[in-house]
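Start counting the first sequence at 48; every next residue gets the next number (the working numbering).
Check each hint, because a few of them may be wrong.
Once the Cα atoms are required to be at most 25 Å apart in a straight line, the calculated PhoX-like pairs of lysine-lysine come out as [said to hold, decoys possible]:
no.: 1; residue 1: Lys178; residue 2: Lys119
no.: 2; residue 1: Lys103; residue 2: Lys176
no.: 3; residue 1: Lys178; residue 2: Lys103
no.: 4; residue 1: Lys190; residue 2: Lys178
no.: 5; residue 1: Lys154; residue 2: Lys183
no.: 6; residue 1: Lys176; residue 2: Lys119
no.: 7; residue 1: Lys103; residue 2: Lys190
no.: 8; residue 1: Lys175; residue 2: Lys119
no.: 9; residue 1: Lys154; residue 2: Lys175
no.: 10; residue 1: Lys178; residue 2: Lys154
In short, the hints are calculated from the structure, not lab data.
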Amino acid sequence: MATDADIVHLIMKTYRSKKGLPSLPPAGNRKTGPKEPADTPSFFERIYELVRQIPKGRVTTYGALAEASGLKITARMAGWAMYAADRAQPPIPAHRVVNSSGVLSGKDHFSTPTLMQELLEQEGIVVKKDKIQDFKTVFWDPKSP
DNA sequence: TTGTTGACCGAGT
DNA sequence: AACTCGGCCAACA
48 MATDADIVHL
58 IMKTYRSKKG
68 LPSLPPAGNR
78 KTGPKEPADT
88 PSFFERIYEL
98 VRQIPKGRVT
108 TYGALAEASG
118 LKITARMAGW
128 AMYAADRAQP
138 PIPAHRVVNS
148 SGVLSGKDHF
158 STPTLMQELL
168 EQEGIVVKKD
178 KIQDFKTVFW
188 DPKSP
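Put together the whole structure using the sequences plus the hints.
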């Protein structure tokens, strides 16, 4: 079981240096995306705040985050915020957010094709074919922590 | 202004 | 289980 520090270290590998902010695309597949969290009066920080509360070994969904935020935003907007997750400070455990089917839909945004799955497995979560097993058990609802 | 694009979702087939 | 489809809405071109 990895410590929080280990996890943060791994996630940090995907970060561009803070000073070189403009250099975004981690894997070269980023087309457009949200501006810096600070620019948008933001539900960004609100979402990130919730993501930081997800316990190790548990996951939640974009829709659950949107609903729990208390803001009028949709799951799509939560996903939009996660698009800039690598710029969140302090870092957030972005690997603990999956879609409502338990699929690792955001895995392409990590530094390697397997990093997201590896981080989850380190926390004891079983992933098969990009899908979380026993999703109901592992799911954590930010609305009722 | 309009059309297109997403780390989405739920219902339907 | 694996698809579609309509709704969603901020940012871009």
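We went through each hint and held it up to the structure:
1. Lys178 with Lys119: Violated: Lys178 and Lys119 sit about 29 Å apart, past 25 Å.
2. Lys103 with Lys176: Judged against 25 Å, a Cα distance of about 21 Å means the pair holds.
3. Lys178 with Lys103: 18 Å, holds
4. Lys190 with Lys178: Status holds; Cα separation ~23 Å.
5. Lys154 with Lys183: It holds: about 20 Å lies between the C-alpha atoms, which stays within 25 Å.
6. Lys176 with Lys119: At roughly 33 Å apart (the allowed maximum being 25 Å), Lys119 and Lys176 break the hint.
7. Lys103 with Lys190: Distance ~17 Å between Lys103 and Lys190 Cα, so the pair holds.
8. Lys175 with Lys119: 34 Å, violated
9. Lys154 with Lys175: Distance of about 13 Å is within 25 Å: holds.
10. Lys178 with Lys154: It holds: about 11 Å lies between the C-alpha atoms, which stays within 25 Å.
Violated hints for the displayed structure, listed by number in ascending order: 1, 6, 8.
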